[in-house]
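2 protein chains.
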Amino acid sequence: MKSPICEMLGIDFPLLAFSHCRDVVAAVSKAGGFGVFGATGHTPESIEVELAWIDAHCGGKPYGLDVLIPENLVTGGAKGLTSRGLAEKIPQGHRDFVDDLLSRNGVTPSPRNERPAGEPAKDSAPPFDPTNALELLEVAFRHPIKLIANALGVPPKAMLDMGKKHGVPVAALVGAKEHAIRQVEAGVDILVVQGGEAGGHCGEVSTLVLVPEVLNALKAIGAKTPVLAAGGIMNGRQMAGCMAMGAAGVWTGSVWLATTESETSEIFREKMVAATSRDTVRSKGRTGKPSRQLKSGWTQAWDGPDSPGALPMPYQTLISERALLAIEKSAATGNAAARDMVTYFVGQGVGLVDQVKSAGQVVQEFKEDFVAAYEDMTALFD
Amino acid sequence: MKSPICEMLGIDFPLLAFSHCRDVVAAVSKAGGFGVFGATGHTPESIEVELAWIDAHCGGKPYGLDVLIPENLVTGGAKGLTSRGLAEKIPQGHRDFVDDLLSRNGVTPSPRNERPAGEPAKDSAPPFDPTNALELLEVAFRHPIKLIANALGVPPKAMLDMGKKHGVPVAALVGAKEHAIRQVEAGVDILVVQGGEAGGHCGEVSTLVLVPEVLNALKAIGAKTPVLAAGGIMNGRQMAGCMAMGAAGVWTGSVWLATTESETSEIFREKMVAATSRDTVRSKGRTGKPSRQLKSGWTQAWDGPDSPGALPMPYQTLISERALLAIEKSAATGNAAARDMVTYFVGQGVGLVDQVKSAGQVVQEFKEDFVAAYEDMTALFD
Chain U
40 MKSPICEMLG
50 IDFPLLAFSH
60 CRDVVAAVSK
70 AGGFGVFGAT
80 GHTPESIEVE
90 LAWIDAHCGG
100 KPYGLDVLIP
110 ENLVTGGAKG
120 LTSRGLAEKI
130 PQGHRDFVDD
140 LLSRNGVTPS
150 PRNERPAGEP
160 AKDSAPPFDP
170 TNALELLEVA
180 FRHPIKLIAN
190 ALGVPPKAML
200 DMGKKHGVPV
210 AALVGAKEHA
220 IRQVEAGVDI
230 LVVQGGEAGG
240 HCGEVSTLVL
250 VPEVLNALKA
260 IGAKTPVLAA
270 GGIMNGRQMA
280 GCMAMGAAGV
290 WTGSVWLATT
300 ESETSEIFRE
310 KMVAATSRDT
320 VRSKGRTGKP
330 SRQLKSGWTQ
340 AWDGPDSPGA
350 LPMPYQTLIS
360 ERALLAIEKS
370 AATGNAAARD
380 MVTYFVGQGV
390 GLVDQVKSAG
400 QVVQEFKEDF
410 VAAYEDMTAL
420 FD
Chain C
40 MKSPICEMLG
50 IDFPLLAFSH
60 CRDVVAAVSK
70 AGGFGVFGAT
80 GHTPESIEVE
90 LAWIDAHCGG
100 KPYGLDVLIP
110 ENLVTGGAKG
120 LTSRGLAEKI
130 PQGHRDFVDD
140 LLSRNGVTPS
150 PRNERPAGEP
160 AKDSAPPFDP
170 TNALELLEVA
180 FRHPIKLIAN
190 ALGVPPKAML
200 DMGKKHGVPV
210 AALVGAKEHA
220 IRQVEAGVDI
230 LVVQGGEAGG
240 HCGEVSTLVL
250 VPEVLNALKA
260 IGAKTPVLAA
270 GGIMNGRQMA
280 GCMAMGAAGV
290 WTGSVWLATT
300 ESETSEIFRE
310 KMVAATSRDT
320 VRSKGRTGKP
330 SRQLKSGWTQ
340 AWDGPDSPGA
350 LPMPYQTLIS
360 ERALLAIEKS
370 AATGNAAARD
380 MVTYFVGQGV
390 GLVDQVKSAG
400 QVVQEFKEDF
410 VAAYEDMTAL
420 FD
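So the protein lines, in turn, are chains U and C. Residues 40 to 421, numbered by this note's numbering, are exactly what the first sequence covers, in order. Residues 40 to 421, numbered by this note's numbering, are exactly what the second sequence covers, in order.
Isolated chain U, as found in the complex:
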């Protein structure tokens, strides 16, 4: 397929798949998409292990790496702090709120020294730490990565310089026209334009509106930065629709959470299949910034009248990841109240998931649906 994204990334089908799971990344790239590994929570040591595994399993196909470096972080300047160090700063009222929520629902809190899901070491770097993220990138460039992405604001100059030095494009995620212009002016090579229906951190403007709005804004400043549409995209017909609007490809996330390879629990995947598009909520209760996730007893508690309110990033992540790990464990033993609280980042597209499939099959279906959409368009003019 002829698209600037295909040329930049060395692929034939501009379907990018964000995942925290190395198995998904390798499977998508192998099947002809482009896997992007979410590195948040990793140390330089653990990322080396993950990328070596991907290299051995992706059939020599290209893949990328995604980091989360926020532009503003309350821990900014607090160098040398670890997750454990930060966790000690969480207010007692918030600890009590979580302890009470867990105990009322029959969930035993995780021991202090147990690592939350996705966090690789007992006393790792804190989440969203810029220094750690840049170290991860240094390690990553020892592998044949073809894209680096930042999903939380303008990438630091050091990241942009790294991309340039290695000839690897730098992508950045935006949820508003103004942010898109700022990213392009900073030197970003690819914009991931993500609508408010997306899972995880997101704005309020829908993909269908935001993508053309950003394309118009880029045109107005004479920028030719290719745009990947993101937010709500779960199949090849939606991908065709976004490319008809002018996107050079798509960036997807939620759809891979329902694959057999995914890091998600079986319980969460069952909840995905059962959910409609109205079963998600955009809430600060997971990371401290608005992020879309599956509605559950957990999200309701944080958004409810007794909530102490979300802590700023990264404290809310620290408190919620540990609790959600305990909730998942309890749910797995058959605790129905815990099962009700199980949640994860997921977009409104969860309403389009009707079964769990392999990642390779999802890529194949994207291709088939894309072609079917194009053929239907052609038939309109018969």
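Hints may contain errors.
Copies of the same chain are indistinguishable here, so a pair counts whether it falls within one copy or spans any two.
What the hints assert, rightly or not - Okay, derived cross-link-like pairs now, BS3-like style, lysine-lysine, Cα gap no bigger than 30 angstroms in a straight line:
| # | residue 1 | residue 2 |
| --- | --- | --- |
| 1 | LYS406 | LYS41 |
| 2 | LYS263 | LYS185 |
| 3 | LYS323 | LYS128 |
| 4 | LYS323 | LYS334 |
| 5 | LYS263 | LYS406 |
| 6 | LYS334 | LYS258 |
| 7 | LYS258 | LYS396 |
| 8 | LYS69 | LYS128 |
| 9 | LYS258 | LYS406 |
| 10 | LYS100 | LYS69 |
| 11 | LYS396 | LYS263 |
I should point out that these hints are in silico values taken from the structure, not numbers from a laboratory.
Chain U is already provided as a structure; the job is to place chain C on it using the hints.
What follows is chain C alone, placed relative to chain U:
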């Protein structure tokens, strides 16, 4: 163009345009789209005048009529009540809130006997009155209308029967999968599947997700009801995108508010051109149900900490329409505070409006952009 909607409505290009302005309806139909006249606020007498005007100006092209009949209305059963009768039931606290808001901003309240915008007679039928809506339809069927639509829940059986009797398809607007199924089971001929980015009454799920979700649900029950995508659609590329996803056409609204023919004020059109997609809000402060409108001093007041809260439908409409009429008048005399409060129903697509054009030109550009989108898709496979 080959689409079930084109066959049902006798048109070549499945672009439906909802408008409260007869000039827009006639201009769109004449240019090859399909105008749908929003009849809310009209009496049987005034609708006769409007439709006769459309007949004389649409060049013999087909058009339709849209009514708002909610499934649940707090005035249900209060037959014979007029707008004035209902207005007397508005709590004093709410009157005081509005009076104070207006006076603080230098706006003189409208005299009691002045009709609010869009309300045709001094003591007309109350808004959202089912009996009145059915009388309007009786009058409408003396004209060559080709579609009747209800934009607020399942149409009453009498409306569905009328459509059947006259051989005119009945459309209904839905914002959730479950509603779509209920509408199809009730016998609706066309579904307008409207995402949360839409202006006016809307749900929370985006167009990009809701359209395929409804199409999947229809397929699962073996229904072949054609779907019009709605919400955020302002140009032919988005229209092509929605049809690539499987929609049989599109239903549009906000884009016509920025046309020279529109009923909107010059001030509101200037605000549309200046707005980005983030300048709308989904609020109960206009009608009592969540509806998307341009953010302004008015919406901020109703959504703010001192708000008495929105009244249920139709009371909130009665109190807000009268005040907004006074606000528009004051803004037109140069009152900057009043200008700041000017608002109207509009979707996130307002961020795609960069100038005011004629309705006919908008239709023409939709066609050109649609073809351009298709050609770009074709070029992907070169």
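Hints that the structure is at odds with (numbers, increasing): 8
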